[in-house]
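Following the hints, complete the assembly by docking chain B onto the known chain A.
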Amino acid sequence: MVIIMRAGASEEQIAEVSYLVEKRGMQIRRIIGEYQSILGIVGDVATLYSEREQLERLDGVENIVRISKPFKLASREFNPVDTIININGVIIGGKDIVVMAGPCSVESREQILETAHIVKDAGAKILRGGAFKPRTSPYSFQGMGEEGLKLLAEASQETGLPVITEVMDHQMLPMIMEYADILQIGARNMQNFTLLRAVGEAGHPVLLKRGMMSTMEELLMSAEYILACGNDKVMLCERGIRTFETYTRNTLDISAIPVLKQLSHLPVIVDPSHATGKWDLVAPTSKASIAAGADGLIIEVHPHPKVALSDGAQSLTPSNFIDLMKDIDCISQAVRRCYERG
Amino acid sequence: MIFIMKHNATEEQVSRVVSRIEKWGCQAHLSTGKEQTIIGVVGDVRRIDTEVAARIDGVDSVMRVQKSFKLASREFHPLDTVFDVNGVKIGNDHFVVMAGPCAVENHDQLMETAMIVKNAGAQILRGGAYKPRTSPYSFQGLGEEGLRILAEAREKTGMPIVTEVTEPQLVDMVASYADILQIGARNMQNYALLHAVGESQKPVLLKRGMMSTVDEMLMAADYILSHGNWRVMLCERGIRTFSTYTRNTLDISVVPLLKQLSHLPVIVDPSHATGKWDLVAPVSRASLAVGADGLIIEVHPRPEEAMSDGAQSLTPGNFQELMNSLKPIASAVGKILS
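Residue numbers (numbering that gives the first Met the number 0), protein chains in the order written: chain A, 0 to 341; chain B, 0 to 337.
The following block holds chain A by itself, in its conformation from the complex (with noise of 0.2 Å):
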């Protein structure tokens, strides 16, 4: 449930609402918008919605709408203003794309300050590297864990690049965060509630990635688990489904990405190395996706991808994610005024 608040609703009036509401054991989350202020409201709204009237007469409401959809935070109804993500400086879900790139996992120093600066150059915003590796079998490389992550910490700190790297289990969020500017739920983990709930109480940035076979409610409902614990930094990530069709090692869902923009406020980014799984495919669905309205990409970049450890398929040449980034800066240049963001 929402109460939106008239234009110039006075500080007093809004703590009047608020109190009523709270005094009911309901919580408040407030958006303050350009203009006008929303207050959403969550917890068992039934008995405060059927009193409705009686809150439209308190003074500076303008009106309540009871949001239709089961996920409540991640809603756009619940909050129509795109949400801005600030990473030590890099706005996610502002005016600009964001390129997030780097290996799929650290495999040593040389690699992973190789690649930091390379992508740097080229124009990525933000280094990936996976130091915990949820790998489908258990006999593949698993990752260099916490030295991994000394390295990324190392990285970043050399090219002022944030980090993001995936965390696989609640118990290690402590140790992760200490390193980590972004966390990374994968696609296995996106129904992993334990996981959310850590992630949500953390309030660090979380990329969420959608779950092969999940569909846009779970998905979003998934990101309410973490909104609804306090953290309002979430981006939602497409990385392709699963369907009959193995010519790629997934399906990019392109239609995702406005659908997910229509119904949430999230930033939307899109992984299209592994929706894709060849190297070949990226960068033509990396411009799709932002033809599309994507806020950002997550790209692999490995500078031998022929002796990367994991997903050397999939992963960009460094030449190849150079010629990329200007491609991207060419379509976002001409879809500037198709999607009005931030």
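One or more of the hints may lead you astray.
Said to hold, decoys possible - Result set (DSS-like, lysine-lysine): computed pairs, CA atoms no more than 30 Å apart in a straight line:
1) A:Lys277 x B:Lys334
2) B:Lys88 x A:Lys325
3) B:Lys275 x A:Lys68
4) A:Lys277 x B:Lys66
5) A:Lys305 x B:Lys258
6) B:Lys88 x B:Lys334
7) A:Lys325 x B:Lys334
To be verified - Covered stretches of chain B (in silico footprint by chain A; criterion: 3 or more residues with CB under 8 Å from a CB of chain A, positions within the stretch not fixed):
8) 37 to 44
9) 141 to 148
10) 205 to 213
11) 275 to 288
Calculated directly from the structure, the hints in this document are not laboratory data.
Quantities reported herein were computed from a predicted structural model and do not represent experimental measurements.
The C-beta atom is built at its ideal place from N, Cα and C for all residues, glycine as well.
Same frame as chain A, but now just chain B:
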């Protein structure tokens, strides 16, 4: 199997190779590039010994095509297929927009829509006269009367028309009105129909079946190509997945994939792929950016009154806005949108 001729091979050497191939009981398809001539061979190629064949004068090398589709493959024909439909260029760097109503409903509706889409920049007019509807109780189309109206709209606007043909017996009649024959998703593997449109020698828009793989689609294209009908376009129109928020799921990466595997132009149908009018514009822009050669879009003067596909049809205003937004993207990806 393909024969790659030497750079300096003479025309005489090429024709000698062709007659040798025919003597082996196979058919030869010539692909003459600026630099090099490539001869594609179909038939029972097991009779040809590649080592012997490679020794014929002018031949550089001989390879067997590994893919299950031959004529549609880029190995067979390395250059993009480009063709002309009544003055409209399709393929390579040309970007074509086909637009119009889902179904021809009456004379006035089609004429009005034709003028609207033409003025907004569409080059080809779409409209269904024979409609393969899921329910037998839904509007099935105006039939031949609809085709007459389409032909009249072509007279008036100069736009070529694309319309669906649903059965082999109707191919000759539909071909007498249409400039492009559309094979719908449900008919992608209707082999009698594929043979018939191949025979007709009319340009064909072949839609991907909603549960068909890339290989199956390209083999369906081979059915048409094997009749010597080279003017075939492939159309991605969304596949069926567990996600039902949209009518289908547009498989965007199939566009660059088809362009790698095949020389045929690739068209995207964002209307059927999404089923929702407000998703048509963003996925159209994505399709152009990913490298498609064109779009086929449903437009209706009053979607709320449409007899079919009202939910996914653009209003004239929506369509104009979309066309305007495509221009800067086309120049960013090096496509000509006339």
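Results for each hint:
1. With a CA separation close to 24 Å, the supplied pair Lys277 (chain A) and Lys334 (chain B) stays within the 30 Å bound.
2. Between Lys88 (chain B) and Lys325 (chain A) the alpha-carbon distance is near 29 Å, which keeps this suggested pair within the 30 Å criterion.
3. Note on Lys275 (chain B) and Lys68 (chain A): the hinted pairing holds, with a Cα-Cα distance of about 19 Å set against a maximum of 30 Å.
4. At roughly 19 Å between alpha-carbon atoms, Lys277 (chain A) and Lys66 (chain B) fall within 30 Å of each other, so this suggested pair holds.
5. Under the criterion of a C-alpha separation no larger than 30 Å, the hint pairing Lys305 (chain A) with Lys258 (chain B) is consistent with the structure, at around 25 Å.
6. With a C-alpha separation of about 12 Å, the suggested pairing of Lys88 (chain B) with Lys334 (chain B) holds against the 30 Å cut-off.
7. At roughly 17 Å between alpha-carbon atoms, Lys325 (chain A) and Lys334 (chain B) fall within 30 Å of each other, so this suggested pair holds.
8. With 0 residues carrying a beta carbon less than 8 Å from a beta carbon of chain A, the segment 37 to 44 of chain B misses the three-residue requirement, and the given coverage is violated.
9. Only residues whose C-beta sits within less than 8 Å of a C-beta in chain A count toward coverage, and the segment 141 to 148 of chain B has 0 of them, not enough to reach three; the restraint is violated.
10. Only residues whose C-beta sits within less than 8 Å of a C-beta in chain A count toward coverage, and the segment 205 to 213 of chain B has 3 of them, enough to reach three; the restraint holds.
11. Residues of the segment 275 to 288 of chain B lying with their CB closer than 8 Å to a CB of chain A number 10, which satisfies the three-residue condition for coverage.
Comparing the model with each earlier hint shows violations of hints 8 and 9; every other hint is respected.
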